[in-house]
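Trainee: Each chain, letter by letter, is given below.
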Amino acid sequence: MPQAKLSQKIKQPVGAYLKSITVAGFRGIGPEARLDLHPAPGVVVVAGRNGSGKSTFSEAVEVALTRRSYRWEAKKGASDWRAGWRNLHVDDPCQIRIELAEEGIGTTTVAADLGTATKEPRDGVFWAQRPGKPRDRSADPLGWAKPLELYRPLLSYDELGGILESRPSELYEKLSTILGLARIAAAQERLDELVKSLTAPRREARALVTKARDALAASADPRAVEASKLLSARSPDIEVLARLATGAFEPPSGDMAILRELAALAVPTVEQSRDAITRCETAQHTLAELSSDATQALVNRTGLLKHAVAHVEAAGTQKCPLCGVGTLDAAWVASARREISELDQRAESLRNARRAYEESIRRLASMLPPSPRALGAEMDEDVEGRAKVAEAWQAANSIDAASPEGPRFLLAAIESLVPLVVELKTAADAERLRREDLWTPLARQVAAVATALEKADEADRQAVTARATQSWLKDHANELRNERLRPIADEAREIWAALRQESNVDLGEIELEGAKTRRRVTVTASVDGKEAGALTVMSQGELHALALALFLPRATMDASPFRFVLIDDPVQAMDPAKVDGLARVLDRIGQTRQVVVLTHDDRLPEAVRRLGIKARILYVNRSEGSRVEVTSGSDPTQRYLEDAFAVAQDRRADDVVRRRAIPVLCRMAVESACKDLFMARWYARGERRAVVEAKWQDAQTAQQRIALALRDDADGDLDRWLAERPARRRALAVVGRASHEGLQRDPRGAIRDVEDLVRDVRAGAR
Amino acid sequence: MPTQDDADDIVLRIMTVAEESGALTDDSQELLWQVLTGEW
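As given, the protein sequences belong to chains C and R, one line each in that order.
For the record, in the first sequence the residue sitting at position 551 is 551 according to our numbering, with numbers rising by one throughout.
For the record, in the second sequence the residue sitting at position 14 is 14 according to our numbering, with numbers rising by one throughout.
Pulled out of the complex, with its shape left as it was, chain C reads as follows (with noise of 0.2 Å):
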């Protein structure tokens, strides 16, 4: 199996925090505000009365950010709220400042200049600018455009009551694709592509056979009937279908066949005839000149010499025995063997004249072969001509050449039959020829059938692989999906737990399912243990909660590049009980993350002072001419302050008591003091987070973490310092010794102490 990408990485994201937003000429506020926020995880509530200008901090964050707005897209007559973007009082300098705090990198700034041309905030010119780099103006200019969309760190009111009102396949598709999903339906299409695209061979094939089958059905070709033939059958035989179509492959009965032969032909010329029928009279001639009576005589001659001539060479010389007067010596045999040997030549004269004359016959006669086969065999269309020829040439053949009359009428009959084997010849060629010219495109289609089901053969056998694999992947994704899918529901659960408080909604299952048009998250819940669509059954407020507990796993997921999360009035619609639910929610999560919420009501801070929560409370206020100013309510240093002098005042306190809790609250508030300006000043520098939170862990006494928010270095020299004022040690005193032993001096003067120490160290630290 290929594994070799699974090497192939991607950079991670580095964090960011949010450092600080300022804004001019803005929705709702005019002149320059800013709001300074520790870069670091921890909870910052910004509290301020509607229209206090909190929510354009939130706005001009999503606005510098995403370029776009949430609520002015979504909500109903948003054209008056996009024509309301630009502040009433104070439309120039118009333009947005988010300081952010990234990890490995810096204090990168992104902005929006809205100048006095700019008709939408889109429109306005957009930039982002990492420390030692020039301004980027580009459109994604820290990458940051995907992230936005998938882990989306800042929420509104409104867009909370989105969440679970847009389609249902949009949160669908933001978890899909956060939990990589999006490659298991990349998967299913290619599947589906692949199943769809394998059926198509078969079809163009079918097609293809219909159309051929009609077009084969019209021609009376054996190929053509052939053809047919094989193509009515369920699974045509491809490799005689294509030997058909190339002509590799002919149907025995074949009048092409015939065709071809008659086009073939062969009979000798005229002219070879004559000659041979020349030769031939000639031949006779001769023999006949030689076969004289004559002649005969003289063979007779020559047998009665040579039996005298043996009388006299066994007898010896004596008188003619036929005549009785001259004598046969042994002159006269010596002249009788002159006359036996002329004798001799002239009889192998005639022998040899016989067998040329004979020769000549048989040449004469097998000029002409006999009648062929494609004569006579039978046609399905005959051809025009052939019964005349066969006839003629049957005739011919017939003729017996060596009887006197023979060759002469051998060559009447060849010179009757030569034309009319031309006149053939010409005429089978020709209607080859027309047979090929009709059988030609219906090759063609053959061929191309042959190749189509060829192909379509092949794509079967891969179709059936490719549904194997579909249906088992159709089985199998929404579980896969639902395996993905259950850290950040069980986390979304807890965060329900921790919200529902007094509600009798139990939330249950929350899963993918369905698949393209049809995908959609589900979330079950039960009422008073009855099962129930969660969405039917729940109130508003239980609907906000669900919809923030939905948010806050995919904002705050590891692969996320905001270690920020931003959220606007959450708690509107909940009752008394969900708040106090959302401010431990809200704890947990800046454990690890810097969280900011902005809200309009006191029941956020009071539940966060109530509880204990370690947040950073600010108050927003806008005065005359859309003046916004920040100010800080209360933070952790100073509750701890503030906690310590109640205890040091509370007179049914045991004094024991009182003496060890004092200094461990001031411990608590220079800890958490010297921490702040550590963390903050360390995270904007882009130090990574682990290793801020190591320096922190690694100093352990309250000199050494003053030493860090003063010097950066946990055994820096505090001498000098120290000695400045007086207060200072004594303070160190309180933190230190006495937190471990018990407060020994007035607890009223220690607190004070402690408290000018912070201030100096606040002071000094900047």
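Wrong hints could be hidden among the right ones.
Calculated lysine to any residue pairs in the SDA-like style (CA-CA distance at most 25 Å, straight line) [claimed, not checked]:
#, chain 1, residue 1, chain 2, residue 2
1, C, Lys119, C, Lys174
2, C, Lys530, C, Glu509
3, C, Lys455, R, Asp27
4, C, Lys196, R, Thr37
5, C, Lys516, R, Asp9
No wet-lab data here; the hints were simulated from the structure.
Here the structure of chain C is known, so what remains is to put chain R in place on it, guided by the hints.
Mentor: Below, chain R without anything else, positioned relative to chain C:
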């Protein structure tokens, strides 16, 4: 952003489930791999 690792983690998980199910032939598993990794 889900990292390449996350995505590959999913591919590996699916391939493991597929292999353990024993329901797919080698060819089907190969095809599954190809469509999951985008090779096909």
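Trainee: If a hint holds in the structure, say so; if it doesn't, say that too.
Mentor: Each hint, compared with the structure:
no.: 1; hint: C:Lys119 <-> C:Lys174; result: 31 Å, violated
no.: 2; hint: C:Lys530 <-> C:Glu509; result: 14 Å, holds
no.: 3; hint: C:Lys455 <-> R:Asp27; result: 19 Å, holds
no.: 4; hint: C:Lys196 <-> R:Thr37; result: 20 Å, holds
no.: 5; hint: C:Lys516 <-> R:Asp9; result: 23 Å, holds
Violated hint for the displayed structure: number 1, the only one.
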